[in-house]
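Order-wise, the sequence lines are chains A and B. Counting from 1, one number per residue, gives the positions in the first sequence under our numbering. Counting from 1, one number per residue, gives the positions in the second sequence under our numbering.
Treat the hints with care, as some may be off.
[What the hints assert, rightly or not] From the structure, some residues in chain B lie toward chain A, with a derived Cβ separation under 7 Å:
hint : residue
1    : Tyr26
2    : Ala41
3    : Gly44
4    : Pro51
5    : His53
6    : Tyr277
7    : Thr280
8    : Lys282
9    : Gln283
10   : Met285
[Said to hold, decoys possible] Distance windows between CB atoms, simulated:
hint : chain 1 : residue 1 : chain 2 : residue 2 : range
11   : B       : Lys156    : A       : Arg124    : 49 to 55 Å
12   : B       : Gly146    : A       : Ala111    : 18 to 24 Å
13   : A       : Thr20     : B       : Arg161    : 48 to 54 Å
14   : A       : Lys117    : B       : Lys156    : 45 to 51 Å
15   : B       : Arg21     : A       : His32     : 53 to 59 Å
16   : B       : Arg215    : A       : Asp62     : 50 to 56 Å
17   : A       : Gly49     : B       : Gly247    : 51 to 57 Å
18   : A       : Glu112    : B       : Ala12     : 32 to 38 Å
19   : A       : Ala28     : B       : Lys296    : 27 to 33 Å
20   : B       : Ser6      : A       : Gly49     : 40 to 46 Å
21   : A       : Thr82     : B       : Ala289    : 41 to 47 Å
22   : B       : Thr280    : A       : Lys117    : 41 to 47 Å
23   : B       : Glu186    : A       : Lys110    : 28 to 34 Å
24   : A       : Ile72     : B       : Met188    : 31 to 37 Å
It is worth saying that the hints were derived from the structure and are not from the lab. Predicted model only: the values in this text are computed from it and were never measured. Just so you know, even glycine gets a beta-carbon here, dropped at the ideal spot from N, CA and C.
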Amino acid sequence: MPQADKHALPTHKPGSIEGTTLTCSDTASRRHALQTAFDYRGDVTLDIGGGKKIVGFVFRYDESPGVVHIYIPQGKDSIPQTFPADDVTAVHFTGEDTAFGKSWDDWTTKAEKERVKEAERLAREAVDRGEL
Amino acid sequence: MPVPISQAWTVASYVLGQKIRGNKRYPLVLMLEPLFRCNLACAGCGKIQYPDHVLNKRLTPQQCWDAADECGAPMVSIPGGEPLIHPEIDKIVEGLVARKKYIYLCTNALLLKRKIDLFKPTKYLTFSVHMDGLEPEHDAAVCRDGTYKTALEGIKEAVARGFRVTTNTTLFEGANPARVREFFDEMMKLKVEGMMLSPGYSYQKAPDQEHFLGRERTKKLFQEILNQRKKSWKFNLSPNFLEFLQGNVDYDCTPWGNPTFNVFGWQKPCYLLQDGYVPTFKQLMEDTAWENYGQKSGNEKCRDCMVHCGYEASSVDDTFGSLPGFARTVKAAIAYGT
Chain A
1 MPQADKHALP THKPGSIEGT TLTCSDTASR RHALQTAFDY RGDVTLDIGG GKKIVGFVFR
61 YDESPGVVHI YIPQGKDSIP QTFPADDVTA VHFTGEDTAF GKSWDDWTTK AEKERVKEAE
121 RLAREAVDRG EL
Chain B
1 MPVPISQAWT VASYVLGQKI RGNKRYPLVL MLEPLFRCNL ACAGCGKIQY PDHVLNKRLT
61 PQQCWDAADE CGAPMVSIPG GEPLIHPEID KIVEGLVARK KYIYLCTNAL LLKRKIDLFK
121 PTKYLTFSVH MDGLEPEHDA AVCRDGTYKT ALEGIKEAVA RGFRVTTNTT LFEGANPARV
181 REFFDEMMKL KVEGMMLSPG YSYQKAPDQE HFLGRERTKK LFQEILNQRK KSWKFNLSPN
241 FLEFLQGNVD YDCTPWGNPT FNVFGWQKPC YLLQDGYVPT FKQLMEDTAW ENYGQKSGNE
301 KCRDCMVHCG YEASSVDDTF GSLPGFARTV KAAIAYGT
């Protein structure tokens, strides 16, 4: 399945930009969209004209010259790719916002039972990955 | 003296060499992040919030060694993520030891007992174990019960085997000075070489921006903690940095002092801020607008930061920058037993 299809635009989460789109109509809006994509802690889908889409994590954005560096998921890993920023016509924040809901306040306002459950789940996942 | 004389000599001669050559900007500690994946998920942490395919990325040993060569700093700190998860961490360390780099492997020690056979004790390698307080405080800070006890076992094992071990503590808003002092006593009983301290400060992209200390609060907290300090406490820090934390001396940030290399490249400008990445160390040093960073620049992001990765290098530079700086260091070193 193409990566783009795995990242259909999700419902917008209040408090996060996940599920939103920034359209690039001129240089300023393109810069803003790509800088926001660089700051975002999830995968994005980039429209690059001609109906093409690229899905991945923007890990570097050089404003001048305009180049976007993106890790494209390949199985469990990902490979780096670069392309001209000018090709981007829209940025969709399609991947999970991995930082959302992870603040200290978010943690402490959870009920004790919920915290224990989450800690156990995370520990189990680390064990499954062979990291505990 | 918590730091071996050979390490102190290496750092001193390196810094003096930079001064003699007239280098105003030089790296002191390479922050080498070989992965972002961690086996803890501390609330508010800004280093682990990435999609899985990014968390699965690892720097190769060669990439790590190249970064160390390119940077040239005499010390290498290996944070992460949790470096002991890296399947080739022993190889990475081996190559850095061969380059005579003083390595601080920053770990939560959950895997230390299991992986300790991969390493050999040497003056070049220190396990810097993340301990944020006594058992209740530490387990609460890392969001998992039992972590303190496991880390303690790891520390004891490493000390017993002759490894250099330090603790590494980050203090946040709400820290209780009396409890922190009690914690220092407990850590020193474990016969660690020394303790590292830093106020917490938000990673630019961290999900938590609320619980980090402001500048005045930081100074007050460290004054309360270090007031009438015990002779048994040893700190693995520049004595001037401890003075700085208490507000007894003022420095501006040295953001190039601890350059950061990770799976994205060289991070601009520092360990905490992510304003971009460049492929080479040279580009990092030459293309970064350093004047835009540090408290005195007026940059809002730097306003309250007093973290070791920006200010320990300032403290060391002060030591070798002038006779008064050197005198300050000697005086503080005697006071802190560092």
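Going through the hints against the structure:
The interface hint given for tyrosine 26 of chain B is violated, since its Cβ lies 25 Å from the closest Cβ of chain A, which is over the 7 Å cut-off. For alanine 41 of chain B, the interface hint holds, the least distance from its beta-carbon to any beta-carbon of chain A being 5 Å, beneath 7 Å. A cut of 7 Å between beta carbons decides the hint on glycine 44 of chain B: the least distance to chain A is about 4 Å, and the hint holds. The beta carbon of proline 51 of chain B is positioned within 7 Å of a beta carbon in chain A (closest approach about 5 Å), and the interface hint is therefore held.
The interface hint given for histidine 53 of chain B is met, as the beta carbon of that residue sits about 4 Å from the closest beta carbon of chain A, less than 7 Å. Because the smallest distance between the Cβ of tyrosine 277 of chain B and any Cβ of chain A comes to about 4 Å, under 7 Å, the interface hint for this residue holds. At its closest, the beta carbon of threonine 280 of chain B sits 13 Å from a beta carbon of chain A; the interface hint therefore is violated under the 7 Å criterion. For lysine 282 of chain B, the shortest C-beta to C-beta distance to chain A is roughly 16 Å, which exceeds 7 Å, and the interface hint is violated.
Below 7 Å, beta-carbon pairs count as interface contacts, and glutamine 283 of chain B has none with chain A, the closest being about 11 Å; its hint is therefore violated. Below 7 Å, beta-carbon pairs count as interface contacts, and methionine 285 of chain B has none with chain A, the closest being about 17 Å; its hint is therefore violated. Taking 49 to 55 Å as the suggested C-beta distance range, the pair lysine 156 of chain B and arginine 124 of chain A does not conform, at roughly 27 Å. Taken as a hint, the range 18 to 24 Å holds for the pair glycine 146 of chain B and alanine 111 of chain A, whose Cβ atoms sit roughly 20 Å apart.
Evaluation of the 48 to 54 Å hint for threonine 20 of chain A and arginine 161 of chain B yields a pass: the beta carbon distance comes to about 53 Å. Between lysine 117 of chain A and lysine 156 of chain B, the C-beta spacing of about 31 Å breaks the proposed range 45 to 51 Å. Checked against the given bound of 53 to 59 Å, the beta carbons of arginine 21 of chain B and histidine 32 of chain A, roughly 42 Å apart, lie outside it. Distance hint check for arginine 215 of chain B and aspartate 62 of chain A: the Cβ-Cβ separation is about 33 Å, which falls outside the suggested range of 50 to 56 Å.
Range check, glycine 49 of chain A to glycine 247 of chain B: about 56 Å between beta-carbon atoms, so the 51 to 57 Å window is met. At roughly 51 Å, the beta-carbon separation of glutamate 112 of chain A and alanine 12 of chain B lies outside the given 32 to 38 Å, and the hint is violated. About 31 Å separates the C-beta atoms of alanine 28 of chain A and lysine 296 of chain B, a value consistent with the hinted range of 27 to 33 Å. Restraint check, serine 6 of chain B to glycine 49 of chain A: a C-beta distance of roughly 59 Å breaks the suggested window 40 to 46 Å.
In this structure the hint that threonine 82 of chain A and alanine 289 of chain B lie 41 to 47 Å apart at CB is violated, the actual value being about 23 Å. In this structure, threonine 280 of chain B and lysine 117 of chain A meet the distance hint of 41 to 47 Å, their C-beta atoms being roughly 46 Å apart. Range check, glutamate 186 of chain B to lysine 110 of chain A: Cβ separation about 29 Å, and the 28 to 34 Å hint holds. For isoleucine 72 of chain A and methionine 188 of chain B, the hinted distance range of 31 to 37 Å is not satisfied, since their beta carbons lie about 50 Å from each other.
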